[in-house]
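Got chain B sorted already, so can you dock chains C and A onto it with the hints?
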Amino acid sequence: MEFNTIYNNLFYLVPEIAVSAFLLLVVLADLILGNNKKLLPYLSIAGMLVAGFCVMNQMTFSGAVFSPSGQSKSFGMVTVDSFGAFFKLLVVISTILVVFFSFSSEEIKKSTRRQGEYYTLILGMVLGMFLMISATDLILIYLSLELMSLSSYVLTGFTKLKDRNSEAALKYLIYGAVSSGLMLFGISIVYGLTGSTNLYVINTLLQSPQINMLALGIAGILIFAGIGYKISAAPFHFWTPDVYEGAPITITAFLSVASKAAGFALLARFIKVTFVSSVAPSGHWLLIPVFPWKELLIVISILTMTLGNFTALWQTNLKRMLAYSSIAHAGYLLLSVAVLSNQGLVAMLVYFAIYAFMNLGAFFIVMIIANKIGSEDLEDYKGLGYSMPFLGVTFGMFLVSLTGLPPSAGFIGKLYLFIALVDANMITVAVIALLNTVVALYYYIRVLKEMFLSKPTGEPVSLRLSPLSLILILVMLAPVVIFGVYFTPVVEFAKSCITILGM
Amino acid sequence: MNLIPIEYYLILSAFMFAVGVTGVLIRKNAIVVFMCIELMLNSGNLALVAFSSYMGSSAGQIFVFFVMTVAAAEAAVGLAIIIAIFRNKLTVNIDEINIFKW
Amino acid sequence: MNIYDIVFYLFAAITLASAFVVVTARNIIYSAFSLLFTFFGIAGLYVLLGADFIAVVQLMVYVGGILVLILFGVMLTNKITSVQIKTGTLQVIPAILGTALMAGVLIKIFTGTNWHSQMAQYPTKTTAYALGHILLTDYVLIFELLGILLLIALIGAATIARKEEKAS
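Residue numbers (this note's numbering), protein chains in the order written: chain B, 12 to 514; chain C, 3 to 104; chain A, 609 to 776.
Treat each hint with caution, since some may be false.
[To be verified] Among chain B residues calculated to face chain C with C-beta under 7 Å, some are: (1) M70; (2) G74; (3) L181; (4) L184; (5) V189; (6) G407.
[Said to hold, decoys possible] Here are the simulated lysine-lysine pairs, BS3-like style, with alpha carbons at most 27 Å apart: (7) K120/B <-> K771/A; (8) K120/B <-> K49/B; (9) K30/C <-> K771/A; (10) K466/B <-> K383/B; (11) K305/B <-> K716/A; (12) K121/B <-> K771/A; (13) K771/A <-> K48/B; (14) K49/B <-> K771/A.
Hints are computed from structural coordinates only; laboratory data are not their basis. Glycine included, C-beta positions come from ideal geometry on N, C-alpha and C.
Isolated chain B (complex conformation) (with noise of 0.2 Å):
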């Protein structure tokens, strides 16, 4: 590869540039102030805003750059399309949203001398999750995943005063590593197998019929569980729980939308390019007959949701609860890639974009709260209702939201997957995710009984919100409340973004 090809495809790497550069700009500042840390998360959210604005530039490019010399121009290791842009987009949206949430946690003013370290690692999460976005190289892959692990491991044990913070990132860190190990053995069989990292040429070789099917699907499941573990799919989830309750809140939040995200667009990336022969005018993808990842995801997400929801149902405390829902969502979004059709995929998206502001929502409410009270647990929240009624009666919209009940924007997404679903013949399983619908109420619903319908234990504790925290609630309150009933904007876009490029 020539430098001038280097140079002109460094065009379509914009946003990356751009994160990376203010993560600079963070490292430096931090430096440069000394002990003035004031500056440093608007630093952050200008070079959010940067990112979104070249991200919002792409929104039509299509093309995939740093090819590997000796293969055709379209098969690179980067690919920019719409499908990348909107996921990145969310992640920009939810920093944005994460950066204001640290201005009012107690937690993290209370480390005030390392806010430096704070907003580079988030910055550094972001880098990591954009080239996941658009990682079509298994070594891309790979190296963009460990990327975001790294920094979301120092961030989860980053106040360090409690005792569980630590363990929480020792926990993370040491089922993070063992999965990375697992996803490294099943690409080093897929280069065994093919001879190339490249996503691109891997589909083309996979499309001639001597390949070793019981070794393509062990590196299959292999590669799945470093994947899986990111999304906290059923085998792999066991670390979600504690990770959430012990990381602070904020970050709790972070890793529940945005990591997520990024987990989702690349486990959906890697089956389009990699496995899928054709797309039928109808929108159904075509497998390439090597590997069943129909059936391996359908089961994995009915795993994943039952198990989220019925743990969800014994939680006492709130973060744990809203980790285990979590769990559970992903569960519901594994369903719309086991479609495996561009229906199932603007399902995906409509569902992302409207669980990222309910679930940032209610982790922000349970900050607040726990600002005050000094608590997460459930038992503590009796009465809160009347104490806190504007909290109270916000926290339940999210709620309801995220139960999927009409006429919140829970439903929407919803409504779209079992559509997908039925569109696809999949019946039973849509029913499955039906009956776990129902499960969901309950535990969403007694958050609102202990709220409302339970005498407050202690002495009544009243909460002045500052002005910050009340238009944050707004801002995310707002999407949940009008894509309940004027949902065609975000179904319209969904739509326009669903181009992955590949085959």
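Chains C and A only, in chain B's frame:
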């Protein structure tokens, strides 16, 4: 002169991988678990280098180079976390680190 | 059996035997030191495979870097309180059965597949030139990404390991 078949290297790597996974499953000490993870990574690396040499392509070897860098970074962060925990709790056994339950 | 075969079996034996000791040793110091022999044996196999550059990097990064880090970890966590670090085991039998099954499946696929193998004789040329060339052309993006990854690891490790100032 006969070459050693590539399968020999791969079988060695499979054994090492299995030993590493067993270690991860049965050992309690976080540092030992960490060493076992290094065994897993090394077995993957060995398979990659074997494939790359026998296929005559350099991609596998460059990947191994990257993996080693990541492993070093991961070891640094991992041991920093272990030391932070040790400072608080004076234990590094995964079993005893159990504020969390199911 | 020629000299190459003997070298292969020697290094393979060193690697596997010491890997086994890493997992089974009761004393954590023994585990750490046998890990040294595993890394060394793998480096020998890399030389045999004609990957001279990777072999040198293996010695420098794994033996010189990671192993020293691990030893530091062992010593620091051992010495602070002179508490004996227990090394017990968890669910031994299911774990061993599971891994035996996994090793069996892996060996089955490794011996049952036709790997494309074009190597006709042991390579004699150094690989450093070829690797350096693709590192800064085809893989330049990943090379730059690694730079950021190392920066993040550096900052992260320093933040976590630093003593928390309680006053602020």
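Right, here's what the structure says about each hint:
| no. | hint | in the structure |
| --- | --- | --- |
| 1 | M70 | violated, 31 Å |
| 2 | G74 | violated, 22 Å |
| 3 | L181 | holds, 5 Å |
| 4 | L184 | holds, 5 Å |
| 5 | V189 | holds, 5 Å |
| 6 | G407 | violated, 28 Å |
| 7 | K120/B <-> K771/A | holds, 17 Å |
| 8 | K120/B <-> K49/B | holds, 11 Å |
| 9 | K30/C <-> K771/A | holds, 26 Å |
| 10 | K466/B <-> K383/B | holds, 19 Å |
| 11 | K305/B <-> K716/A | holds, 25 Å |
| 12 | K121/B <-> K771/A | holds, 14 Å |
| 13 | K771/A <-> K48/B | holds, 20 Å |
| 14 | K49/B <-> K771/A | holds, 23 Å |
When held up to the earlier numbered hints, the structure conflicts with 1, 2, 6 and fits the remainder.
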